[in-house]
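Undergrad: Residue numbers (the UniProt record's numbering), protein chains in the order written: chain A, 1 to 443; chain B, 1 to 443.
Hints in this document: simulated from the structure, not taken from any laboratory. Keep in mind that this is a model prediction, so the values were computed, not measured. Treat the hints with caution; some may be incorrect.
Where chains are identical, the list cannot tell them apart; a pair therefore holds if satisfied intra-copy or between any two copies.
Stated by the list, open to error - Below, simulated SDA-like cross-link-like pairs (lysine to any residue); rule was C-alpha separation at most 20 Å, straight line:
#1 Lys-284 x Leu-426
#2 Lys-48 x Lys-284
#3 Lys-182 x Ala-430
#4 Lys-182 x Pro-28
#5 Lys-284 x Leu-410
#6 Lys-182 x His-61
#7 Lys-182 x Gln-370
#8 Lys-182 x Gly-422
2 protein chains.
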Amino acid sequence: MTRKLHLNAFLMGVGHHEAAWRHPRTEPARLTDVRHYQELARIAERGKLDSVFLADGVALHGNVRHNALGGLEPLTLLSALAAVTDHIGLIATVSTTYNEPFHVARKFASLDHISGGRAGWNIVTSAGEAEARNFGLERPAHADRYARATEFLEVTRKLWDSWEDDAIVGDRVGGHYADTGKIHAIEHAGEHFAVRGPLNTARSPQGHPLLVQAGSSEAGKEFAARHAEAVFTAQQTLAEGQEFYADLKRRLAAHGRRADELLVLPGISPIIGSTEREALRLEKELEDLIIPAYGLAQLSTMTGIELTEDALDRPLPDVSVETEGAQSRRKLVVDLARREGLTVRQLLGRLAGGRGHRVVAGTPEQIADQLQEWFLNEAADGFNIMPPILPGGLSDFVDYVVPELQVRGLFRYEYEARTLRGNYGLERPASRYAAPREVAVAR
Amino acid sequence: MTRKLHLNAFLMGVGHHEAAWRHPRTEPARLTDVRHYQELARIAERGKLDSVFLADGVALHGNVRHNALGGLEPLTLLSALAAVTDHIGLIATVSTTYNEPFHVARKFASLDHISGGRAGWNIVTSAGEAEARNFGLERPAHADRYARATEFLEVTRKLWDSWEDDAIVGDRVGGHYADTGKIHAIEHAGEHFAVRGPLNTARSPQGHPLLVQAGSSEAGKEFAARHAEAVFTAQQTLAEGQEFYADLKRRLAAHGRRADELLVLPGISPIIGSTEREALRLEKELEDLIIPAYGLAQLSTMTGIELTEDALDRPLPDVSVETEGAQSRRKLVVDLARREGLTVRQLLGRLAGGRGHRVVAGTPEQIADQLQEWFLNEAADGFNIMPPILPGGLSDFVDYVVPELQVRGLFRYEYEARTLRGNYGLERPASRYAAPREVAVAR
Numbered sequence: 001m002t003r004k005l006h007l008n009a010f011l012m013g014v015g016h017h018e019a020a021w022r023h024p025r026t027e028p029a030r031l032t033d034v035r036h037y038q039e040l041a042r043i044a045e046r047g048k049l050d051s052v053f054l055a056d057g058v059a060l061h062g063n064v065r066h067n068a069l070g071g072l073e074p075l076t077l078l079s080a081l082a083a084v085t086d087h088i089g090l091i092a093t094v095s096t097t098y099n100e101p102f103h104v105a106r107k108f109a110s111l112d113h114i115s116g117g118r119a120g121w122n123i124v125t126s127a128g129e130a131e132a133r134n135f136g137l138e139r140p141a142h143a144d145r146y147a148r149a150t151e152f153l154e155v156t157r158k159l160w161d162s163w164e165d166d167a168i169v170g171d172r173v174g175g176h177y178a179d180t181g182k183i184h185a186i187e188h189a190g191e192h193f194a195v196r197g198p199l200n201t202a203r204s205p206q207g208h209p210l211l212v213q214a215g216s217s218e219a220g221k222e223f224a225a226r227h228a229e230a231v232f233t234a235q236q237t238l239a240e241g242q243e244f245y246a247d248l249k250r251r252l253a254a255h256g257r258r259a260d261e262l263l264v265l266p267g268i269s270p271i272i273g274s275t276e277r278e279a280l281r282l283e284k285e286l287e288d289l290i291i292p293a294y295g296l297a298q299l300s301t302m303t304g305i306e307l308t309e310d311a312l313d314r315p316l317p318d319v320s321v322e323t324e325g326a327q328s329r330r331k332l333v334v335d336l337a338r339r340e341g342l343t344v345r346q347l348l349g350r351l352a353g354g355r356g357h358r359v360v361a362g363t364p365e366q367i368a369d370q371l372q373e374w375f376l377n378e379a380a381d382g383f384n385i386m387p388p389i390l391p392g393g394l395s396d397f398v399d400y401v402v403p404e405l406q407v408r409g410l411f412r413y414e415y416e417a418r419t420l421r422g423n424y425g426l427e428r429p430a431s432r433y434a435a436p437r438e439v440a441v442a443r
Numbered sequence: 001m002t003r004k005l006h007l008n009a010f011l012m013g014v015g016h017h018e019a020a021w022r023h024p025r026t027e028p029a030r031l032t033d034v035r036h037y038q039e040l041a042r043i044a045e046r047g048k049l050d051s052v053f054l055a056d057g058v059a060l061h062g063n064v065r066h067n068a069l070g071g072l073e074p075l076t077l078l079s080a081l082a083a084v085t086d087h088i089g090l091i092a093t094v095s096t097t098y099n100e101p102f103h104v105a106r107k108f109a110s111l112d113h114i115s116g117g118r119a120g121w122n123i124v125t126s127a128g129e130a131e132a133r134n135f136g137l138e139r140p141a142h143a144d145r146y147a148r149a150t151e152f153l154e155v156t157r158k159l160w161d162s163w164e165d166d167a168i169v170g171d172r173v174g175g176h177y178a179d180t181g182k183i184h185a186i187e188h189a190g191e192h193f194a195v196r197g198p199l200n201t202a203r204s205p206q207g208h209p210l211l212v213q214a215g216s217s218e219a220g221k222e223f224a225a226r227h228a229e230a231v232f233t234a235q236q237t238l239a240e241g242q243e244f245y246a247d248l249k250r251r252l253a254a255h256g257r258r259a260d261e262l263l264v265l266p267g268i269s270p271i272i273g274s275t276e277r278e279a280l281r282l283e284k285e286l287e288d289l290i291i292p293a294y295g296l297a298q299l300s301t302m303t304g305i306e307l308t309e310d311a312l313d314r315p316l317p318d319v320s321v322e323t324e325g326a327q328s329r330r331k332l333v334v335d336l337a338r339r340e341g342l343t344v345r346q347l348l349g350r351l352a353g354g355r356g357h358r359v360v361a362g363t364p365e366q367i368a369d370q371l372q373e374w375f376l377n378e379a380a381d382g383f384n385i386m387p388p389i390l391p392g393g394l395s396d397f398v399d400y401v402v403p404e405l406q407v408r409g410l411f412r413y414e415y416e417a418r419t420l421r422g423n424y425g426l427e428r429p430a431s432r433y434a435a436p437r438e439v440a441v442a443r
């Protein structure tokens, strides 16, 4: 079978461009309207995309004076999308820093049941001070967050395994519902968590939800190599994309994993026109709607440099790009400005579309060329599609770019499987508690 | 307008009777099937019921060898029910003991948006040791749990108020999305929580979800009088129901609340037949399917008395019914056994149907008589309906008992409102942060 690429639709309010809410093709009042997201999920499913994905943070990030913020919590929302779709994968961001593994394991197991095996978890660790302060805490150190995340994931995996697949007997006549020998207390006792288990939700169709990760720091990459099955990443150039891809794939062996057990999905915001000129016009329309004060505040947060409107037409001030690892995005932004000799205003224009992710304006063929180049040159196993405006940018992608990818033999015409793991070509994990028994039988 | 009663359908797996999963009219494999719950919600909506409700605990309770346990997490499930219904209220149980107010406030605000104003929260405090051990904790003291719950609720209320109703300006031309003067940091700093806020979800249709409570201990009743808008309660006799009703309503004034600001909804498990004989036959069928070992374990947990099969045909051993307040259900059970002189086996039969809630077998008219008697004699503002088997017991109630209540003028023919609060006849709370401004204008 020819290798096919995988496509995830990254859903964000009325679009990824920070000025999307001001563009005539969006309706910002739909930010909290479930029908908006249901429409997006249906469009993605019509295009045979693997999954939709919702980012999240547990604080109000960004200046709501100048952007449409304050939307819905992802897990709650994804259940409502599951109800109106049949095939599309449903990936929610949930932080390991201010949560309990029992709750998170249970919610993802529930979503996996509700969706018939389409749940995915984007694991994040909540770096920001604003988030910490909503939970009575100061900002935790970067290393601590990943140590907690690793143990958190270990606990959730045990809980998902705590009911073996064949634990339910269902003998109504004999009055024997479940084989309690196949439902296990996990008795986890670690540095961060003590959890007895078992989970109080039976094992779900996928066993574990698809595990996704998006941190590109050293600690983030190690976490991904150990645990993640798909990685969302921001890479600006083919060379950077190739380097990241090779780096991540190389790390897998140390954890006993094959290269195909983790998919690398760089982000891309496609600005699509039926002609190149039309695409550039849409890009310009969005650029003209940018509010510099909003972008400056975002850039200050991202780089740690205080910037005012005086700085707009000068180059980005010199800053160290040695980071503590928490802010790999900072390095990307500073590198971008230096490489292309951008003024702050020009940099804002470049960041407004994708917050550091690649923005490509062009015809469906040109967009497909870009995806093909990265996919065939070991920079990507697929892409995280970030439409500048929603739903229009997603329906344009589905209606014009997807068919182009299909005729080139790069993308599916029909779903291969009913589960998210199945469509991503990943295995269903066995319960760790069942394994010894199976080995014994094999002997 | 004549006073109408309110009806909530308490959904529990394939039925409230502990042997429901063994009865030929149920399908226990549907326990984790979202379509089962969607069907139940649609049946309840067809009957114009106010709401459906899901209980919850964060541990595997009861012996899964002998009962169909291990279902879905309520909040995740309710979003999927919202997607296929238009009017029915959606009430989820969430504990204040092992959660963070920011997460809970956000999920309910999201569910309220997703459902168009139909979210309700049954506030529980997680008494059990099994739950504590899934969160690295010993069982907390009863008083502590309620102190935490009170502060937890205070924080969630502030967060729900943190966006005023008119905070969103939506001026696309001027680039002004929200009036940041109407989005408030809550700056909560208390004994249990420190939360800065604001919430990162805009104010929802109901402002706050409907607040429900079900504890009947002294601390529970005080909590309800202060915070709850609906109370689920287990009362066996009309006299007990009247006493509880009067007690709770009397407590409201001390908190500056009117008697009609809190609805009392006793639980009732109606075993319905088209003749009395048919109803009694169904009751007997279920009784014959009881597994004594299961009921004994439940009874031991409920009363704190270790019971074995030897004890089945003897009276319940003498125990103190002075409780620490945590176990008002214990007193109810012991009183029931004493009052009616029941053996342990007989008591198990009485508890199997509703775990201490009232069980009434009869024709639709007889069931309606019972509801009418309590409703007209100040023992109830409505009822928490606990069908012995699902979906059959709920569709029987909707198809035969509801029309009887309607012709008696006791129940609605059509929904009065689009929101859960509206149908329960309760007000929409104003944002506490908006109030001073409005007062100033009024002057």
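Undergrad: For each hint, tell me whether it holds in the structure or not.
TA: Here is what the structure says about each hint:
no.	hint	result
1	Lys-284 x Leu-426	neither (40 Å within a copy, 50 Å between copies)
2	Lys-48 x Lys-284	neither (30 Å within a copy, 52 Å between copies)
3	Lys-182 x Ala-430	within (13 Å within a copy, 51 Å between copies)
4	Lys-182 x Pro-28	between (50 Å within a copy, 18 Å between copies)
5	Lys-284 x Leu-410	neither (30 Å within a copy, 63 Å between copies)
6	Lys-182 x His-61	between (44 Å within a copy, 16 Å between copies)
7	Lys-182 x Gln-370	neither (49 Å within a copy, 44 Å between copies)
8	Lys-182 x Gly-422	neither (25 Å within a copy, 47 Å between copies)
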